[in-house]
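What follows is the residue order along each chain.
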Amino acid sequence: MSDDKNHEAVEPSYLTAKKGLMSWLITVDHKRIGLMYLAATMFFFLVAGLLAIALRTELFTGQQDFMSAQTYNKVFTLHGAIMVFLFIIPSVPAAMGNFVLPLMLGAKDVAFPKLNLLSFYIYCIAAIMLVMTLLLGSLDTGWTFYTPYSKSTGSAVIMATMGAFVAGFSSILTGLNFVVTVHKMRAPGMTWNRMPLMIWALYATALIQIMATPVLAITLFLLIIERTLNIGIFDPAMGGDPVLYQHFFWFYSHPAVYIMILPGFGIISEIITVHSRKHIFGYRAIAMSSVAIAVISFIVWGHHMFVSGQSELAGVVFSFLTFAVAVPTAIKVFSWVATLYGGSIRYTTPMWYGLVFLWTFTIGGLTGVYLGTLSVDVHLHETYFVVAHFHYVMVGGTVVAFLGGLYHWWPKFFGRMYNETAGKISALLVFIGFNMTFLTQFFLGHQGMPRRYYAYLPEYEVMHQVSTIGSWILALGLFTVLGTLVMALKNGERAPANPWKAVSLEWQTASPPIEHNFHMTPRVTGSPYDFPEIDKSAGAHH
Amino acid sequence: MSDPKVFLNGKPVEHPHEDHHHVTPVWQFTAVFIALLFLTILTYAVSFAGLGPASLPVAMAVAICKGSLVVLFFMHLAYEDRFYAFVFVVSLIFIAIFFTFTLFDMSTTDELNEEAGIEFQRHVMDQAEALENPPEPPPPKATVGLRPRPRVRPRPRVSTAAGTEPQAPLHPRQRGLGRRPGPFFFGLHFASGLAALGGGGQRWLRPTSSLKAAREGGYVAQNAVGHRCGGCTGHGAMAIYARSGVFAPHIGVLRR
Amino acid sequence: MSSNAHDHDEERPWFLAHHFDTVGQQMSSAKLGMWLFACTELLMFSGLFLAYFILRKMYPEMLLTASEELNKTLGGLNTIVLLFSSYTMALGVRAAQTNNKKALERNLIITIVCAFIFLIVKYFEYSAKIHHGLLPGDLFAAAEHGYHLPKYSKVFYGLYFTMTGLHGVHVVVGIGVLTWILIRARRSEFSSQNYVAVENAGIYWHIVDLVWIFLFPLLYLVK
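As given, the protein sequences belong to chains A, B and C, one line each in that order.
Counting in the UniProt record's numbering, the first sequence runs from 1 upward without gaps.
Counting in the UniProt record's numbering, the second sequence runs from 1 upward without gaps.
Counting in the UniProt record's numbering, the third sequence runs from 1 upward without gaps.
Here chain A stands alone, though its shape is the one from the complex (with noise of 0.2 angstroms):
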């Protein structure tokens, strides 16, 4: 460490290497790369947040308050688009991921630079198509933009779908970028069975941004030519088949949740490992668990259709392969479980974050195999059971493990520690106000409670008032993270190189990391969770 404190003084850091706004906008270090995408999906996360919680406060009474009903269409479909495509998707990997994974490899830079500046901004791009939606006459479709609705409604649908079509261009380099990078640039010694099993995460997530992004892109490309020439591929007044746009859709969309959620488990195996000392249990199985559900989720999809008008056999078909997906996900669970037992678990705001995951992903997992079930989705299916099912997986899965990883490696992204007692105090609400906010979803939708209404019966208002007041709590423990970040930057201690002890690579360059991310090519020799205290002889190996 005390060899960091004077390399630091020779060499300067990526912050300051260069100077200006410029030497930011045309940099191909994947650093502050990785740094810019977080600044932009951080604050689409800001505005699709604010969006939620107007669609909460609505929903505090029965009745109509500030939005119409039209309003509310547009806001719960900006707020899903702008959430999907511009904050989860490129969060975990293209954010955080970008950052991390050339330095856990132990590389000096992903393998496609330029590459990578070019996918943010096609992303910047798609971002700004999303966003001008608003001009044009927003958008009422849901996320998914099904036909035959979406060619006949007279909101902003080409220019939706061009922005998710953009964004998908960004998805499919980033991926591709990783691919290679895992491929080509791992350090000496690096072997595959070496690499943290973030990389592995990523690794997966990388394969279906290649997989299934380009489906995606064919599928908005019909709908667009669709709604201007009316060609009725998808229209079922002009011949058309609007189950086959949901075939197309769901083969990208239900891999995309995997893209969503798969880089947010290689985040929790890193920070329940590093934070409770203890080698992670069953390396393997969470590594090749990572692979399995990047394809098993290609064989899926169709249990988003189960009452579209899919034949009922396909249905069953499709149920019957949605429950394999249970097998490697109960596989990561039961070994973060099982490295947390006997460790000596370090309750820092990463282990919170980490044990709060544990929790809510928990539930949202589980919840997926009522709804996988063809015949209790019959009933479920689009009810706010399904409402607070996708949201225990995408924001008590992948939020809450960004949140984590944001905490766990912001020492090393600046160089600054945070407030402990305020990343607590943000872990806690966040787990109060999701909980009271999602949990009561689930018996709403149980009673009937449909989703994507801005009014409702009376028998619902208590629930409803529960998850308002809970997701007005969530929004504040979200402010609070956000607080304790940005007070970190302005006054937090100097981080030390390594400050959690890690022994995974990006910890044994200096934080925040040299432009070129080590003095020295760093040469790997044993498992990236091979912590010192641990003996040994004791038989910790996997």
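Read the hints as simulated data drawn from the structure, not as lab findings.
The reader is advised that the hints may include incorrect statements.
To be verified - Pairwise CB distance ranges (calculated): (1) B/PHE104 - A/ALA17: 32 to 40 angstroms; (2) C/LEU119 - A/PRO12: 50 to 58 angstroms; (3) C/GLY176 - A/HIS446: 25 to 33 angstroms; (4) A/SER344 - C/PHE53: 52 to 60 angstroms; (5) B/ALA78 - C/PRO13: 33 to 41 angstroms; (6) B/PHE104 - A/VAL327: 16 to 24 angstroms; (7) C/VAL169 - A/GLY342: 54 to 62 angstroms; (8) B/LEU37 - A/LEU21: 53 to 61 angstroms; (9) C/SER191 - A/LEU46: 50 to 58 angstroms; (10) B/ALA78 - A/SER23: 41 to 49 angstroms; (11) C/ASP138 - B/LEU92: 33 to 41 angstroms; (12) A/LEU21 - C/GLY176: 28 to 36 angstroms; (13) B/PHE86 - C/THR179: 49 to 57 angstroms.
Stated by the list, open to error - Facing chain A, a subset of chain C residues (Cβ under 8 angstroms, in silico): (14) PHE53; (15) GLY133; (16) PRO136; (17) THR162.
As the list claims (entries may be wrong) - SDA-like mimics (lysine to any residue), calculated; alpha carbons at most 20 angstroms apart, straight line: (18) A/LYS114 - C/LYS223; (19) C/LYS101 - B/PHE29; (20) C/LYS223 - B/ALA45; (21) C/LYS223 - B/PHE29.
From a predicted model like this one, the values you see are computed outputs, not experimental measurements.
Every residue gets a Cβ at the ideal spot worked out from N, C-alpha and C, and that includes glycine.
Take the given structure of chain A and dock chains B and C to it, following the hints.
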């Protein structure tokens, strides 16, 4: 100990700045091109032979041959790192998955519940006919919306001549095909219900019970925004809960 | 212990980017990236092919009658043009591998010319279709031009224009890529040690060819 300077994927590299690749002789490219030319002329000529239903498999077989030649020789896949071939094959597998499941769905529409679907279809059609005199083929809007999807017997799909379109084209999905399902699929269906909810979930295993109740009560399903959306998953503004205490979250506004 | 990131090794060739250690690493990275990109192209087109098969399944008679109106001979001619351009492209890559700058330039130029011929033939095909009102969707006006085509024929023409149009866009992009490679070849940037850009452009061009190999029989020939 001589320490090699550079590594690739954890292995030392002796001559880092040299790289040798397979160079294909020109005659081989020419031979491949002639073969491609021959296959093109073959498939073109065969198309005039009128093979009927066999023409698709024949044309696809020729195309696959041509594609393989291009990929293996022009794109050097035969001589490259095996991993590229692996990547390529994986993408073909994913395409196969995409095709198989989608076509599977399309060809098994109405495999199950055929009778119930037809019965229901007739019921709705009768109602629509009673409402609208003179009797015309009912527009799809009036016939669809309730689960299970309305179905009819296979319609002869002989195309009508001339560019004029009939008033109410029946959606191709509304055709009825298929046979009675075997016990295997019912078993799967049943097991899927049990798997998540355990024994107590059995009451859920009658997805049509609420539909039946709605039907007996004389309700007609209608989308809240006045059109059908490829199932009720279409637009969000699909009303879901029924008056009259019928629990039918997936159906739509029920109106008498 | 190992190579220092900032010691610029004197042996390093000029074309080796700073974050790579060896030429082999740089080449194989670029090639792997290109193959992955090729896969995304295939998956993207697969959606259109699937739409075609579904359409075929839904309206077999319509599809057969409507596709009769396409010009098989022009389609066949275009196939041969594209196959020939693929052949010259492969020869171009070989020329780069063997340090044969002249042959590289010549083959690239032939390939680009073939691409233009393809587009010109396509132009004649399209203008015939437009002239006869065989157009996608709302623009479909075949009946007014005396055609008796089955119902939903406009869906077939929608798909025809979408598939060949997207393929045509790829040809146009290919012309741009090959021109860029040609300019670089004229600057003598390529050698037997540094030709991966030529090879990647080649892979892209063969993918364009590959898609056409399947488009041609399905749209023009199959009954």
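Checklist entry - Which hints from the list above does the structure break, by number from lowest to highest? => result Violated: hints 1, 3, 5, 13, 14, 15, 18, 21.
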